[in-house]
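Put the two chains together into one complex, using the hints given.
Protein chains in written order, with full-length UniProt numbering: chain A, 1 to 350; chain B, 1 to 280.
Okay, derived cross-link-like pairs now, DSSO-like style, lysine-lysine, Cα gap no bigger than 30 Å in a straight line: (1) A:Lys112 - B:Lys195; (2) A:Lys10 - A:Lys65; (3) A:Lys27 - A:Lys65; (4) B:Lys195 - B:Lys113; (5) A:Lys65 - A:Lys177; (6) A:Lys133 - B:Lys195; (7) A:Lys133 - A:Lys104; (8) A:Lys111 - B:Lys195; (9) A:Lys111 - A:Lys177; (10) A:Lys177 - A:Lys112; (11) B:Lys113 - A:Lys10; (12) B:Lys195 - A:Lys104; (13) A:Lys65 - A:Lys104; (14) A:Lys10 - A:Lys27; (15) A:Lys116 - B:Lys195; (16) A:Lys20 - A:Lys10.
None of these hints come from the bench; they were simulated from the model.
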Amino acid sequence: MANIVIDNIKKSFGAFQALKGVSLTIKDGEFVSLLGPSGCGKTTLLRIIAGLETSTSGDIRIGDKSVIGLPPKDRGLAMVFQNYAVFPHMTVYENVAFGLRMQKADDARVKKQVEKAAGLLHIEAYLDRYPNKLSGGQRQRVAVARALAVEPGVLLMDEPLSNLDALLRLEMRTELKTVLQEAGTTTIYVTHDQTEAMGLSDRIAVVHDGRIEQVGTPVEVYNHPATRFVGGFIGNPPMNFITMPVTNGQVAAGSQRFAVPAQGGEIVLGLRGETVERAPTGQGLDMEVRVAEPMGSHLLLTGSILGQPARVILPATETVKNGETVGLALDPKRLTWLSPESGVSYPAAA
Amino acid sequence: MSNTMSTSGHAGFISARMLLFWSGIIALCAWVLVPIYLVALGALGGRAGAYQWPKNLLPNDISLQPFILFLKTEGVFQSFLNSLGAAGITVALSIALGAPAGYALARYNFRGKDSYRLLVLLTRAFPLAILALPLTVSYIRLGLYDTVLGVGLIHTVLALPFAALVTQGIFLGVPRELEEAAWVFGCTRIQAFFKIVAPLALPGLVATAVFAFVISWNEVFAASVLTVRHRTLTAYLLTVLSESPMHYRFAGGLMLILPSVVFIFAVRRYLFAIWGVSSK
Ligand SMILES: Nc1ncnc2c1ncn2[C@@H]1O[C@H](COP(=O)(O)OP(=O)(O)OP(=O)(O)O)[C@@H](O)[C@H]1O
Ligand SMILES: [Mg+2]
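With the rest of the complex left out, here is chain B (with noise of 0.2 Å):
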């Protein structure tokens, strides 16, 4: 960065400048990163490590084994596998009814768009504790009972309307003209939003669907009320962990934690890669 030409007062202004950038970014990701840093310390130190005063900040006697243990408990496996299907269904549903809504909403002046708008928010008003009752009794009349798709689709409910609104402004920061060019050569409609729209939405639509993933991960309410035996993770170890050692509970956080923070890992490349700002 810093040339032949510039004086040392400037480079002085640059290096603060980068002083405090750097700072910055250390202290986010200290933020974030401290307490998953904790959490696994705990999970992976077992039950010495757990209990231990004063906490060994470096992670010394920590082995996998009291993490494998925690998995290899009865129903746990199961219920990741549960949660990571409900999360799947809840991710593709609302992106493949709320991408659409959102579409519209950007693209077309339609009567009742602002009351279809508000109404859509809404839905989100409304207490899911009263809703519980209801819902139990519709669910076991549809075989929907403690099934991980009946989960799936009461978080599409949850994430739907996020989903939408969230979408709709990404379809507005695809230029129409974009389109317009496309149908003049030679696109129809809809090769024009899969050539041009989605291609451009993409980061937007992924940020949506980790979005989407994470509500129905971290989601308990509901799914504690519809299962019995076929328990999403955070609805397994809410009755679980209360009667578990500490390093087990470490463990289950652990486990919460893990999978979102390796998905939006996975899908990081989409999350930024918006034109304009940079293009591989």
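Pulled out of the complex, with its shape left as it was, chain A reads as follows (with noise of 0.2 Å):
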């Protein structure tokens, strides 16, 4: 029903081209963050899809009527803005309230679903408070109830809980996942938080420099990044990319063998640090180890790999000491190869 279709859209400001071609199709109900670095062009999208920047071209669907020329207001979504944008001149209660009164509902509706987005966002107590008498996260929390009070049939949020402490966006999270998939709404959600964006999404689409680099469920996209970039990107620590030599269509990790989908020349191996396994030298992968840190949940090896500079994970059980060098098993399964030319990887092997 509320399906978005994002078909090659286009953006400049001036000279400058925000958005270089972004096309993505979000099915009814789903949950998908956009996740990127700072001005990548995250909110730019979401500002098309609300209608209030228009595209240089490309269209947007939803649920299959081209929405290109409509003004906001009959697009159908709600919005929780970046800066909030919550109104000063009304209380809590009347901000809340504000999209119902604009479909002239009647109060004892309104007062039914403001209580309900309220009480969502523990922001009961303030609802005859105004906004100036808030908080940075409680004015945070209000734009996101005025967005839940009409129940939209598509929700746009950009960065909804970037101002809440750890532990409250943490419960605001799992309540917003309980609520949203419960109504069916088509969610869009901005964040600069991958945690947030693996926990929440049923889709990531990671996004760089105008482009969308890769869309996949969190597994897939932790898992196998379509890029080095996507690699760089996601997890902590992020993926270790090894250039190796290839021969014969094989890459030789001390006694391992693994076959590559090159002939020759060099490929890049993408490594999750938390993959190997701590075995003999030599048997895999050796590591100089410069610093060990042991994190208590893990320990966190800094050092390099063939020279290259590496980060991995052991259990909190090992002992590793600074300046040692540790020998690491490869999980095949669990690799990731890249081209070292276009730093795209390669699909991943049967």
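So this is what it looks like as structure tokens:
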């Protein structure tokens, strides 16, 4: 019903190209996160979907109907703005009620919806206050409540939890997910925070420099990044990239051999730091450990593999001294191979 | 303000600040109020009071009698009404025309925006004296000569550039996102303007209205040139007062001052009710 099709959207501000052809299809009721570094065009894309900005070219369809040229109010969506945009001359109650009042909802329904949304975001206590008497995090929750209160078919959220403390954010995250799932709301959720994106999303779209680099489920995006950028952006520590020589379609790591999708020359190994196992030196890849940091739940090693910087994670039960060389066995099912020239990964091996 | 925890030195610092604060307020009030007080004294003290020397600074033998006598003088009350009329037209027109212009300047980028702004200001650089004759001629042709409407129109011309530029600043101060949020939640552009922008811009718009009022109320040249029998108060006083006794002049002065004070007093709530600083 309220699926969204983003079809080759481009946007230029003067000579600067903010979006360079973005295409994305979001199913009805799906929760998709836009994840990417600052300035990559996330807000711009949301604003184009909402009708606050006109795209230079391309099409947006909501519920199979093109909305290009429609004013925001006729697109059947609600939005949480990055800077909240809470109306300062209205009480919190009236702010949350605003969309319903515009729909000419009767007072009983307004009251019911406002109380529901306010309860969800824990702002019942401030309903009579004006926004200038609220903290940033409280205002942000008012903005989220205002969007939820109208029970939109499509919900656009621009970093809606960025200003909350870690505990509250975790709680809100879970509640948001539950409510939106129950209501079947199609959601586009912009965030910087990859754990948030991983936890909430049905699919993640990683945006980089005005393009979508990869769309996939959190697990796909994590395990098989489509590009070097995605691998480096997602995961903590980020994916390691180690350039290795190829002979006869094979790469040798100590006594381990891996068939790779290249015949000769070089290939880049994308290695998630927690997929390795400790082994005798010479059996897999050897790592010269510069710093070993016991983190409680695990042991973080920083150093180099084949002279290239690397970070890996071992179980907390291992002990490694600074300056030691440790052997690491690789799990062939969890390796990603990338082209050294383009930085694009080869499809996951069968 | 003082609590039991504060040391005496801290308390001393606070009281010194309070002293400075209040003496500042008193000085500012005196700056405005003393001249008004002296004028009022002259106006209400009668012939004897006006010429008395040394002045009696206490309001001893004052009565409203001399002022009422002045009000009853032929033409004073009528010209007062004319002035109010002209000022009313000026306020209404400069807000009705200036605010949309200011809104457009604040929200839209169009070619020639800066030159347009300069042009608006340049209209004020053109001396009215040169315009006086052609203006009179065309006013006679149009039937606007010697009418309150005519004076109001010319005062609008004087006030409009400021109204457009000042309201531009005011609308710039209302974040665009608030309007956009209103659009997303179901408003048309017009609805968003009246529900969101107008209430937030109200204090500034009221200040602009005060400004337009004062420009019209104080203007004397155009009003003198363009009227004969339907004079505004300033134009009327200009012709009459030089031949009047001293206490009449004071009474005229008081009458020029009072409406502005009353007007500003009446709208003070909007002037100070700036959201985010104080909201009631
Ligand atoms: N109105 C505008 N005029 C010119 N450039 C703009 C405009 N709006 C955005 N940009 C540019 O477009 C790029 C993308 O901006 P956008 O706000 O979409 O980034 P973002 O991904 O939301 O970043 P953040 O995570 O910091 O919010 C930025 O380089 C920005 O400078
Ligand atoms: Mg943004």
